[in-house]
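> Using the sequences and the accompanying hints, generate a full structural model.
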Amino acid sequence: MVELAIEVENLVKVYRDRSGEVRALDGVSFRVPKGVLHGLFGPNGSGKTTLISILVGLQLPTSGSARVLGFDSVRESLEIRKRVGLLPENYGFYEYMSARENLEYLGRLDGIPPSKLKERINEVLELVGLREWADAKVKSFSRGMTQRLALAQALLKDPELLLLDEPTLGLDPQGSAEFKKLMEQLVREGRTILVSTHLLHELGHVCTHAALIWRGRVVAQGSLGELSIKYREARGYTYELAVAEGVEELLSELRSIAGVSYVALENDKIRVRASRDISEELTAVTGKYRVRYLAPLTPTWDELYRFYYGGGEE
Amino acid sequence: MIEKALVVARKEILENLKSARYWGIVAIFILFYLAAASYAGFAVRGFAGMATFTRAAFELGNQAVTTFQYVAPILGIALGFSAIAAEREKGTIRLVLSRPIFRDDFINGKVIAAVCLITLALGVSTAVSLPLAVIVQGINLTGEDLVRLLLLLLPATLLALVYYAMALFVSVLSSRSGQALVISLVVWIFFTFILPIVASLIAFQVLGPPPAFTGRPNATTPGVPGQEPSPVAQYRTQLNQITSSVQFFSPNARFSSVANAIFARQRTSAGSFAYVSIADALSRGWLDLTILAAYTAVFIALSYVVFLRRQEVR
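Taken in order, these protein sequences are the chains called A and B. Its first residue numbered 1, the first sequence is counted upward by one per residue in the working numbering. Its first residue numbered 1, the second sequence is counted upward by one per residue in the working numbering.
Watch out, some of these pointers could steer you wrong.
As the list claims (entries may be wrong) - Pairs of lysine-lysine residues, derived as DSS-like cross-links and limited to a Cα-Cα distance of at most 25 angstroms, are as follows: (1) A:Lys137 - A:Lys118; (2) A:Lys34 - A:Lys181; (3) A:Lys118 - B:Lys18; (4) A:Lys82 - B:Lys90; (5) A:Lys118 - A:Lys82; (6) A:Lys118 - A:Lys139; (7) A:Lys116 - A:Lys82; (8) A:Lys139 - B:Lys90; (9) A:Lys82 - A:Lys34; (10) B:Lys90 - A:Lys137; (11) A:Lys269 - A:Lys288; (12) B:Lys18 - A:Lys139; (13) A:Lys180 - A:Lys34; (14) B:Lys90 - B:Lys18; (15) A:Lys116 - A:Lys137; (16) A:Lys137 - B:Lys18.
Said to hold, decoys possible - Chain B is faced by these chain A residues, among others (derived, beta-carbon under 10 angstroms): (17) Leu58; (18) Ile80; (19) Arg81; (20) Arg83; (21) Leu86; (22) Tyr94; (23) Glu101; (24) Glu104; (25) Ala150; (26) Ala154.
I should point out that these hints are in silico values taken from the structure, not numbers from a laboratory. Please read all numbers here as calculations on a predicted model, not as lab measurements. For glycine and all other residues, C-beta sits at the position ideal for the given N, C-alpha and C.
Pasting the structure below:
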């Protein structure tokens with residue numbers, strides 16, 4: 001049985017003010033297995049920040065429940081906050097304090113013993129590449145440096161689970177690439193990361209699992225492979241192959257396979273689209289040729305995102 | 001969990017001790033105090049005959065009361081208006097509240113820091129100003145004068161705390177520190193300038209125009225038995241009673257009242273004036289001190305309630 005880091009059941013959050021009612025979360029349910037880099041993808045205003053805030057107890061749900069690392073987000077939020085590192089959206093640091101002073105303050109609030117805190121601060125600053133800026137005032141930091149410091153504060157308590165809300169927003173391409181590398185490294189070390197973003201092209205490819213959220217509802221969730229199934233059923237199966245010789249003969253053989261709707265040579269690679277899974281036939285047909293490469297094409301998160309938000313229709 | 005509150009308090013104290021705003025207010029305090037000392041010295045030396053019924057130290061006490069009445073609320077507001085609203089505005093509150101800390105620890109830390117910073121500011125101002133008043137203005141302070149001037153720090157601290165608590169409450173309600181500052185200053189202006197004028201207008205409406213001055217002595221000097229109060233003196237007494245009633249719940253009026261009790265003097269058998277005993281002064285001022293303390297407690301309690309209920313992230 002898969003161990004879960006996050007388990008959300010039918011979560012509803014309604015904001016009420018003078019102008020009326022806003023249903024930010026409308027029955028959200030999803031699960032995040034331990035040890036994965038899990039995306040929470042959705043456009044701005046889809047409820048991602050609200051969901052993350054509820055997970056760490058910064059907000060209370062209107063109804064439904066959320067368990068994080070086995071703890072209830074309402075009754076045991078303190079236990080959650082002991083174990084979870086949060087990089088919120090729209091956070092800020094004490095600008096007239098240095099990076100180290102900020103981390104010292106936050107580390108003390110995390111309950112890290114003073115004897116270990118200095119060493120831990122050095123470790124996380126080293127990890128995010130800010131060691132030499134430790135004593136510089138935060139007001140002198142660039143956006144990228146501030147973002148790295150934000151990750152450092154989330155890592156201070158050496159958390160089992162990291163919740164990162166739009167972590168690459170405002171980063172330049174290099175900063176974003178470094179950030180992604182760091183996230184992958186943290187997952188390899190055994191941590192679980194839930195990362196929310198509306199920038200799929202930025203973070204989609206590093207996530208192995210995701211929940212797609214739209215207007216407060218999860219429209220799809222699972223691993224890339226799981227989410228690809230429905231996509232393929234609706235849009236067809238696409239394969240890519242390359243052979244050393246006999247391309248023309250192979251093209252005509254491929255066209256004769258039942259269910260194949262498209263065969264073409266694109267940039268020295270043959271692309272085949274079929275309405276059903278033709279993996280076995282492909283293997284049989286290509287056996288006669290010197291195949292350099294044969295692989296089913298996995299849809300990108302971007303394609304899945306557009307597919308599921310379009311209601312799964314072609 | 002008091003240690004988390006102390007972590008917050010420590011950071012607040014250190015941050016303020018490094019800030020120009022805090023020391024600017026202390027400097028204003030000292031300037032006001034020295035101006036008060038100068039006035040007291042000049043007044044007693046400059047007006048013929050004044051020295052026969054008062055001493056420069058008495059005048060210094062009166063002027064110190066005025067100084068505290070104006071500057072102590074400003075100190076309280078300066079510490080309170082940004083306490084929560086600025087954290088919200090900068091986004092630091094999201095980093096802080098995502099740690100394993102109870103919300104009441106956060107606000108407790110703020111209050112502990114405010115008590116320390118207010119006490120320090122008033123203490124430093126007095127410690128710097130009084131010796132300068134003695135040296136520069138040559139004001140002869142007796143031990144009894146010194147005790148009264150130091151005792152004045154108690155209601156002054158409470159007055160600053162009342163305004164701190166009010167500003168904290170406004171800060172908890174506001175999302176912008178600028179808005180919290182404006183509202184807090186409006187409250188201060190109301191109690192300091194508007195309410196006394198309104199109280200006088202009400203008194204004049206109730207009593208009608210003052211009686212014509214008949215040339216009789218203003219016979220309300222305490223301790224002179226058998227002297228009939230003149231109609232003018234009676235009118236003034238009634239005027240004071242009405243204005244005091246209207247301003248009963250004004251923290252400024254309560255501070256003035258307890259300060260008057262501390263510096264209350266009576267005619268001695270030798271015909272000179274001397275302070276009433278400290279026990280007598282405190283028995284006259286206990287209700288005022290209680291009201292000031294109650295004000296502080298009520299606004300801090302309201303701040304708690306609102307802060308604990310308010311959800312920070314949307």
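> Hint numbers the structure violates, sorted upward?
none
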